[in-house]
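2 protein chains.
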Amino acid sequence: MTPATPIDHDDAPQILDNPASQRIARVAGLARRQARSKHGRFLVEGPQGAREAVRWAPERVLDLYMTEAAADRHPEIWAEARGAGLYCHLTTAEVMTAMSADAQGVLAVVSMGESSGASALEGALEGAGLVAVLAEAQDPGNAGTIIRAADAAGADAVILLRGSVEATSPKVVRSTAGSLFHLPVITGVSLEEAVVALRAAGLTILAADSRGDTDLFEAEGSAASGGLLTAPSAWLLGNEAHGLTPAALSRADAVVSIPILGRAESLNVAAAAALCLYASARARRAAASRV
Amino acid sequence: MTPATPIDHDDAPQILDNPASQRIARVAGLARRQARSKHGRFLVEGPQGAREAVRWAPERVLDLYMTEAAADRHPEIWAEARGAGLYCHLTTAEVMTAMSADAQGVLAVVSMGESSGASALEGALEGAGLVAVLAEAQDPGNAGTIIRAADAAGADAVILLRGSVEATSPKVVRSTAGSLFHLPVITGVSLEEAVVALRAAGLTILAADSRGDTDLFEAEGSAASGGLLTAPSAWLLGNEAHGLTPAALSRADAVVSIPILGRAESLNVAAAAALCLYASARARRAAASRV
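Residue numbers (the UniProt record's numbering), protein chains in the order written: chain A, 1 to 291; chain B, 1 to 291.
Take the hints with a grain of salt, since some may be wrong.
Simulated restraints, written as ranges between beta carbons of each label pair [said to hold, decoys possible]:
id, chain 1, residue 1, chain 2, residue 2, range
1, A, Pro58, B, Thr245, 31 to 41 Å
2, B, Gly29, A, Gly127, 22 to 32 Å
3, A, Arg33, B, Ala101, 21 to 31 Å
4, A, Gln138, B, Asp72, 19 to 29 Å
5, A, Gly163, B, Val196, 49 to 59 Å
6, B, Pro58, A, Gln138, 29 to 39 Å
By construction, these hints were calculated from the structure, which means they are not laboratory data. All figures in this text were calculated on a predicted structure; none of them were measured in a lab. Heads up, the beta-carbon is just placed ideally off N, CA and C, and yes, glycines get one too.
Build out the structure end to end from the sequences listed, making use of the hints.
Below you can see the structure in the form of structure tokens.
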């Protein structure tokens, strides 16, 4: 380690160097859903995710692990975590690999927090203007990418309905690139519970589906139907292969389709989500600037 | 098999039932890059991809394999392939699994065709109005999703620059959901070769990059800069982790960024590609309707 790093050697913890220790096995075990659910904690792998967890949700970071090389490469993560009074541990590369194959030297263990169920949902929807609702999303990369796109588009919350992939599975967490800590991601609610809460919060429910009779970009461009996208709204997004169920479609105020200009049958759900969320964001921004 | 399927049993080939045969091993071997490159052919796994290959590029389909169950589920694929005079083979489920774990009962072996190099590129760009150029795309799911989004947005071609993931790798092919057969996907050209060909074809080169000083949606909305998106153009899209190289940025006519309204640092490259390509498609459609 070079003297230029912010790590104070006198103060720094001992380097964890025993890959066979119980602690390391417990951390590695969080790759399994059962262990996550039993202990109420999950893994955040890689510098970007860990940095965002430390920065935006330090109260949920239970432990931060970094190799010496990673602490040299990302001194700001170590410094912020130490500054926030978090438990920070240096490890050998071997110990890091024993905990996670995808950590690139930086691994945080994070508490699940209060993000499940009806009261968490109600809190997250208070004053919300734009929300993404994932119904039966099964591909972890898509789910994570949608959470990231919702964050980028300025959404106030994401709801992963029961029956979707788990929000704390390693691949979902990695795909969010830290956005998991930028906005509430609510789990453990049914379609019906979500619909009731969204309506109570005054949100219009828009279903994104290729069978829709409202064209996304015509809705955005037309003054007549402009209200559809400028109102506070929640986008319902379906399963990768089968789209939305009839039950979900029937609960929407409008079913909106993205025009397909080529020969593709449909778009990937994460690409569709980005287009829908940004269409709402643009419409809302344009309406606000007209006021 | 039910009598309602279009398969004529007298005429149908024998069912391939030996998973240890040389033919099956040769097909399975196409999962490896070296074998694909040596034989100039690749695998299209699953009903959607195989259907689109049979429909839009039958001259490139060397063999179609279906299990009996899949032929019952997707009689139209079998009928179209037979109608086009393609070599169609029924297989046992065991033989199918020996060829591919991801085929869902339907597998096509497809010739790479003339999609590599400068002359293929020149042909693909003739009269093109919208093109996606992937520079150093490394994630196969992202690359495939971008090809699919380019197709949906009505693009005329996709260029995968040398140094990107291989267009015929199984995961790229699956992620395109058949779009690989809807528009030319050109490989084997360098950044410089692509830039020269794009300019020769009269295309404006737009780089999608968070460091850009042109806001995508302001460019789309503003009459003054509207020309940027209405002109025939090619979108340069960078690597998932590192974005575009300085060399690529320096060759663009404009560097355009997608506004980030939340706390995300950036969007996933496939989500960004969908937003950029559809912004161009919308701008071009709006301009055409004003003429």
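Okay, the hints, checked on the actual structure:
{"no.": "1", "hint": "Pro58/A x Thr245/B: 31 to 41 Å", "result": "35 Å, holds"}
{"no.": "2", "hint": "Gly29/B x Gly127/A: 22 to 32 Å", "result": "58 Å, violated"}
{"no.": "3", "hint": "Arg33/A x Ala101/B: 21 to 31 Å", "result": "23 Å, holds"}
{"no.": "4", "hint": "Gln138/A x Asp72/B: 19 to 29 Å", "result": "25 Å, holds"}
{"no.": "5", "hint": "Gly163/A x Val196/B: 49 to 59 Å", "result": "51 Å, holds"}
{"no.": "6", "hint": "Pro58/B x Gln138/A: 29 to 39 Å", "result": "32 Å, holds"}
Hint check: a violation occurs at hint 2 only; the rest are consistent with the structure.
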